[in-house]
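K.L.:
Residue numbers (the working numbering), protein chains in the order written: chain A, 1 to 314; chain B, 1 to 263.
Think of the hints as simulated: they come from the structure by calculation, not from any bench.
Remember, it's a predicted structure, so these values are computed and weren't measured experimentally.
Errors might be hidden in some of the hints.
Take a look, some chain B residues computed to stay more than 12 Å from chain A by CB distance [claimed, not checked]: (1) Leu41; (2) Phe47; (3) Leu129; (4) Thr142; (5) Gly153; (6) Thr156; (7) Lys174; (8) Gly205; (9) Gln213; (10) Ser229.
Derived list of chain B stretches under chain A, where covered just means 3 residues or more per stretch with a C-beta under 8 Å from a C-beta of chain A [what the hints assert, rightly or not]: (11) 94–101; (12) 104–117.
Glycine is no exception: its CB is placed at the ideal position from the N, C-alpha and C atoms.
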Amino acid sequence: MTTAPAIMATGLRKSYGDNVVLDGVDLEVAEGTIFSLLGPNGAGKTTMVQILSTLIGADGGEVRVAGHDLAREPDAVRAAIGVTGQYSAVDRLLTGEENLLLMADLHHLRRAEGRRRAAELLERFDLTDAAGKTAATYSGGMQRRLDLAMTLVGDPRIIYLDEPTTGLDPRSRRTMWQIIRDLVAGGVTIFLTTQYLEEADELADRIALLDHGRFIAEGTADELKRRIPGGHIRLRFADADALRSATHVLGEVSTDEEGLALRVPSDGGVRSIRTLLARLDDQSIEVEEMSVHTPDLDDVFLTLTGQPEKEPVR
Amino acid sequence: MSALTLSARDSATMLRRSLRHMLRYPSMTLMIAGMPVVFLLIFVYVFGGTMGNGLGGAAGGRHAYVNYVTPGIILMTIAGAATATAVSVAMDMTEGIVARFRTMAISRASVLTGHVVGSVIQNLLSMALVVAVALAIGFRPTASPMEWLAAAGLLTLLVLALTWLSVGLGLVSKTVESASNAPMPLMLLPFLGSGFVPTDSMPAGLRWFAEYQPFTPVINALRGLLLGSPIGNDGIVAVAWCVGIALVGYLWSKKLFNRDPSR
Chain A
1 MTTAPAIMAT GLRKSYGDNV VLDGVDLEVA EGTIFSLLGP NGAGKTTMVQ
51 ILSTLIGADG GEVRVAGHDL AREPDAVRAA IGVTGQYSAV DRLLTGEENL
101 LLMADLHHLR RAEGRRRAAE LLERFDLTDA AGKTAATYSG GMQRRLDLAM
151 TLVGDPRIIY LDEPTTGLDP RSRRTMWQII RDLVAGGVTI FLTTQYLEEA
201 DELADRIALL DHGRFIAEGT ADELKRRIPG GHIRLRFADA DALRSATHVL
251 GEVSTDEEGL ALRVPSDGGV RSIRTLLARL DDQSIEVEEM SVHTPDLDDV
301 FLTLTGQPEK EPVR
Chain B
1 MSALTLSARD SATMLRRSLR HMLRYPSMTL MIAGMPVVFL LIFVYVFGGT
51 MGNGLGGAAG GRHAYVNYVT PGIILMTIAG AATATAVSVA MDMTEGIVAR
101 FRTMAISRAS VLTGHVVGSV IQNLLSMALV VAVALAIGFR PTASPMEWLA
151 AAGLLTLLVL ALTWLSVGLG LVSKTVESAS NAPMPLMLLP FLGSGFVPTD
201 SMPAGLRWFA EYQPFTPVIN ALRGLLLGSP IGNDGIVAVA WCVGIALVGY
251 LWSKKLFNRD PSR
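Looking at chain A on its own, in the form it has when it is part of the complex (with noise of 0.2 Å):
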């Protein structure tokens, strides 16, 4: 095992015409833990990707992927990695195990050792049933497995999942956590793109938020979580008035007209609940229902975010 980081990329720009897709990245993952790249939609996550699985140019900055510069040794780098996209990287013409097989002779494999290594990973994957149908008649669950199927052919050191569940059904997305973890525990290097909080909180050793692309906060999920300020309680109300009316009182909170409802930042101990409740009894505000958050990494993400940005037009 070399101490090397998996990738390491500094001063990463990628410009499409006017729109700066990534302003400057440095990055280091580490080998053997899982890396997620959170951000929102348009912020660069599948750009990076696509840079640093070669499938496209840097427009400045240095990357090395397995200790191999990326823009020297193209076809090194592409040795060690590989990839799993948010669109499906299945033919679909082909059946289950015919791409599997495709990819075994694409690594140059012998063909009782490819057969061999397709039936497994049909097997690991729950697709021995399906082996035989064409791809194109698929779930998308089952196409995502494939896919993944399909890249573990070659027996990658690195690989990168682009929004690996988007789209996929509770129990799905669970499967391919649990096919995560595995591959991690086997050595294997993970970049994780991923819109979902929870995901990067289960799986992430790392974390970075990308946001007009640069990296706007890194660290573990923890750490991320303690650098915005703790907890709140939600409360709701039965109408607008004592939704005002509560605002009123309690001063600095943030409202959600719509849902009646506001946040009052709290470390969510019972004596400060108590005191707000308090407060609000004092007035004869009816509080129609109360929930106590302790911070998760949605309130990082949507504070560090700030608005919403509207999905930059490319």
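Given chain A, work out where chain B should sit, using these hints.
P.N.:
Okay, now just chain B, sitting in the frame of chain A:
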């Protein structure tokens, strides 16, 4: 293994992929072969009697016209197949699987080579079918085995040239629809040449174009090889055109494929 062996091996893998696509969805192959057969039947049985008399030979009539028109129809087959190639390449480029190929340590050219060799095979099979139908309805070539071989060689060369050209057209097209339109002018070339009528029956401007466009020397050389008409320098000119188009198509396609994908 050397780089060349690996590249050949990857190309063979990609070829198997293309052939599997063709076998699984044979409608494209049938259309490529079916359309020229329909044209052959129309030209021979509908127009043939009149057209044959206008050829100015001793025999004339439908019988003479089958012999005259078959090489033109063969070229039409090739032009039609070019459309199919452009479409299948354009469609393939929209698939995620090609992005996957680009991030794998394989010979890049193999993705295109697989398409090209697959299309050439598809095309030669279609041509064989067209020739078989022509023979069945009265096409009577006088060629020796060597001349048949030379004709097949010339046609393969032309197919290779137009296939590389249409791979380029498929790559440069932004949508599958525009890829299906791009090779359309090729379909017209047999008409605007010596494919269906002798060029000396055409008005001056058109006649000039017809005599200098690439399909005419190929058609004339084919007639020479298969039916014994004089070839002159048409053979050399035909081969030169094919090699030129193949080279331009190949270099262009390679350049287009090595660009960053735009998705």
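K.L.:
Which numbered hints does this structure break?
P.N.:
When the structure is compared with the hints, none of them turns out to be violated.
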